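Trainee: The primary structure of each chain is shown beneath.
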Amino acid sequence: MATARVVIVGAGPAGVRCAETLLGAGITPILIDESRRDGGQIYRRQPEGFTRDYATLYGSEAAKAQALHQSFDRLRGAIDYRPDTLVWNLTPGQLCCASQGRHSTVDYDALVLCTGATDRLMPIEGWQLAGTYSLGGAQIALKNQAVSIGHRVVFMGSGPLLYLVASQYVKAGAEVAAVLDTSPLSLRLKALPKLLARPGVLFTGIKLLAQLYRAKVAVHLGIKPLQVMGDAANGVAGLRFITGNGQTVTVQADAVALGYHLRPETQLGDLAGCAMAFDQASSQWWLATDDAGRTSVKGVYAAGDGAKIRGADAAEHAGRLVALALLEDLQQPVDTGLRDEQQQALAVMDQFRLGLAQAFPWPSDQAKALPDSAIVCRCEMISAGELRRTVKQKGACEVNRAKAFSRVGMGRCQGRYCSQAGAEVIAAAAGVQVQEVGRQRGQAPVKPLSMLITEEVSS
Amino acid sequence: MKGRFVRLAEQGRPTVSLTVDGAAVEALQGDTLMVALLTQGNALRQSEFDSGRRAGFCLMGACQDCWVWTRSGERLQACSNEVRDGLDIVTTQPEATWPLHG
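Residue numbers (the numbering used here), protein chains in the order written: chain Z, 1071 to 1529; chain D, 44 to 145.
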């Protein structure tokens, strides 16, 4: 079956390494990417005409970014690369795609989902105000467009991205009002043995923190968020929180970057019927795969953060490994040395990601403490109180049922930014564990499509 | 009106002229619509569910908070579409709005 039609969705670190490995084994994949340029979110390329060098753009990750871009540039002419194309639905053996207002289908024998992740958000009162952005969004503003999201920016949340983006802002000359981490120092110390699985990465993290302290940025650990201050017309004016010592503090700012690590983009796998698994460490659902990236559906594979949140380095290894698994399933010869290398690297990264989950936990308690007036669904302005009433008055203790009644998760972002927090609110109101309230099902189209889309007619 | 976004580098690019709600706006080549609008104003659109203004959220084409429209009614994500000379953008949605909260 050397002519198997293999389609990879996503041209980030996992997708590019997967394509490269397949091509090396004589298979020419189709690589579909929603973005106009390769690199995914993490190694997103700046537009043509921008002149910042790799060191400025990617800091400690410059060499990796450059290597991935160079690999892609070598591949590009040899594979069937389809940028600016959204895979919006799938049926067994066929993808539904949209590109520049045109619909087309792509048949596949094997599908590799390298769909990446988005920021994982926990709402806070006032987070719907203009000027609140996701942490990843704040980073894209700087990396891709050389702008700061505000004149004075507060960074709040937890996880490595918090410190990375804040330090990138400082380095680029932006005014950083404060860095507020909901996780206390004690958890970081407890997680040290696991974090030491990757001493280099740990050291980079410590350096970032040191840079922030050197720049005299106020860094608070173990905080409790209270409210994004401001008004509907002008947006963000500040942020109120409780320090680790119990003091209530207000920071003046016109922008807030908010995020708690990442959540996987699992919609396509979900639509393909792939089994999902609840990850206890990060307290979220993701695709159930074997160690090499095979999902429960034959011929459907997943790699990178879209399968399991382990970061960009792991995504490169997982991309290669999933390609090798696919080759094996196609009865092709497999480079076992290369496979062992990827597995060994990933074992270390698995250990490290458990350390990160322990050091910077998802703040599920915040959902319980969220005031009734706080908005959970930013798209349609639905409050925590409305969601709780759905649970208590209608008995809707399952995420999709509660969504039907309350519309939390039914807006245009399709639950990407509210459904995990919504599940926590539901679970707390129902008095059960979050995994017991289920997860929001993927729905096609996985992103809004224009009604004007036209079907491509093949000649 | 004070801009929301602040340019920190890459300011030597050629300029591009577009129209936003009938007014001429100068942007830089390679700017997304979001950057073009938010370096000169504080929001992109009006929320149709409350009185709030919206200025985008995720910048990666996932949240759908940054919709703007062309004069002819085509919807664009401001975060993932670049400015072009002569582009005529409106920031109020052409369809009816349905306020849920008063």
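In short, the hints are calculated from the structure, not lab data. Here the structure is a predicted model, which is why all the values come from computation and not from measurement. Treat the hints with caution; some may be incorrect.
Calculated cross-link-like contacts (lysine-lysine; reagent style DSBU-like; alpha-carbon spacing at most 35 Å) [said to hold, decoys possible]:
#	chain 1	residue 1	chain 2	residue 2
1	D	Lys-45	Z	Lys-1464
2	Z	Lys-1134	Z	Lys-1264
3	Z	Lys-1286	Z	Lys-1264
4	Z	Lys-1277	Z	Lys-1134
5	Z	Lys-1241	Z	Lys-1260
6	Z	Lys-1286	D	Lys-45
7	Z	Lys-1286	Z	Lys-1368
8	Z	Lys-1517	D	Lys-45
9	Z	Lys-1264	Z	Lys-1464
10	Z	Lys-1241	Z	Lys-1368
11	Z	Lys-1241	Z	Lys-1294
12	Z	Lys-1294	D	Lys-45
Trainee: With the threshold set at 35 Å, check whether the alpha-carbon distance from Lys-1241 of chain Z to Lys-1368 of chain Z stays at or below it.
Mentor: Not OK: Lys-1241 of chain Z and Lys-1368 of chain Z at ~47 Å, beyond 35 Å, violated.
Trainee: Please verify whether Lys-1286 of chain Z and Lys-45 of chain D have alpha carbons no more than 35 Å apart.
Mentor: Judged against 35 Å, a Cα distance of about 27 Å means the pair holds.
Trainee: Against the 35 Å threshold, does the CA-CA distance of Lys-1277 of chain Z and Lys-1134 of chain Z hold or violate the hint?
Mentor: Answer holds: Lys-1277 of chain Z to Lys-1134 of chain Z is near 18 Å, not above 35 Å.
Trainee: Are the Cα atoms of Lys-1294 of chain Z and Lys-45 of chain D separated by 35 Å or less?
Mentor: Cα-Cα ~31 Å, so holds.
Trainee: Would you mind confirming whether the straight-line C-alpha gap from Lys-1264 of chain Z to Lys-1464 of chain Z stays at or under 35 Å?
Mentor: It is violated: about 44 Å lies between the C-alpha atoms, which goes past 35 Å.
Trainee: Check whether the Cα positions of Lys-1286 of chain Z and Lys-1368 of chain Z lie no farther apart than 35 Å.
Mentor: Given that 35 Å is the threshold and the Cα spacing comes to 54 Å, the pair is violated.
Trainee: Regarding the pair Lys-1241 of chain Z and Lys-1294 of chain Z, is the alpha-carbon distance no greater than 35 Å?
Mentor: holds, 27 Å
Trainee: Does Lys-1264 of chain Z lie within 35 Å of Lys-1134 of chain Z when you go C-alpha to C-alpha?
Mentor: holds, 23 Å
Trainee: Is the Cα-Cα distance between Lys-1517 of chain Z and Lys-45 of chain D 35 Å or less?
Mentor: holds, 32 Å
Trainee: Take the C-alpha atoms of Lys-1286 of chain Z and Lys-1264 of chain Z, compute the straight-line distance between them, and say whether it is at most 35 Å.
Mentor: holds, 29 Å
Trainee: Has the given pair, Lys-1241 of chain Z with Lys-1260 of chain Z, been kept, meaning a C-alpha gap of at most 35 Å?
Mentor: Holds - the C-alpha atoms of Lys-1260 of chain Z and Lys-1241 of chain Z are around 30 Å apart, at most 35 Å.
Trainee: Lys-45 of chain D and Lys-1464 of chain Z: Cα distance at most 35 Å?
Mentor: violated, 46 Å
Of the numbered hints given earlier, the model fails hints 1, 7, 9 and 10; all others are met.
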